[in-house]
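Make a model of the complete structure from these sequences and hints.
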Amino acid sequence: MMDKTAPAEELLPPLLQQFVRLIGLPATLRFVEQYGGVRVYIPAEATAEHPFAELIGLDNLRALCAEFSQDGHGLRYPMPKATAALTAVRNARIREEYKHRTARELALIYRLTERSVERIVAGADQASDLQAQLDL
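The sequence shown begins at 1 in our numbering and counts up by one.
None of these hints come from the bench; they were simulated from the model.
Please note that a few of the clues may not be correct.
[What the hints assert, rightly or not] When the alpha-carbon atoms are kept at most 20 angstroms apart in a straight line, the in silico EDC-like pairs for lysine to aspartate or glutamate are as follows: (1) 99 <-> 114; (2) 99 <-> 10; (3) 81 <-> 33; (4) 99 <-> 118; (5) 81 <-> 9.
Written out as structure tokens, the structure reads:
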């Protein structure tokens, strides 16, 4: 089955495309919501106490550290906001996943209300998703 979110993901900045591949869309959304627009320091080693681990989970932080640290040193990266594109990608994924999950499950995964998931699935946000992609 073809992934209907792939074209939308291609609109994301390359750094966020890597994040989505490494840690998934829900964790990337949380990360960008918290740190979008500022530089972030990806440490060389992940610890459970690190604020990123609390936000996206220790395993996800380990994946980022493995990918983005260099020669045992952490590096700073400017974190793009790309809010409109990420929302469009999220909404496309929600519409696709709704075939196999309930609105409640998706609300918990994507940290939305059930009503928001229902509106997305009903297509209320499709026009704004398309406009958001065109605005990029």
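Against the structure, the hints:
| no. | hint | result |
| --- | --- | --- |
| 1 | 99 <-> 114 | 15 angstroms, holds |
| 2 | 99 <-> 10 | 23 angstroms, violated |
| 3 | 81 <-> 33 | 8 angstroms, holds |
| 4 | 99 <-> 118 | 12 angstroms, holds |
| 5 | 81 <-> 9 | 14 angstroms, holds |
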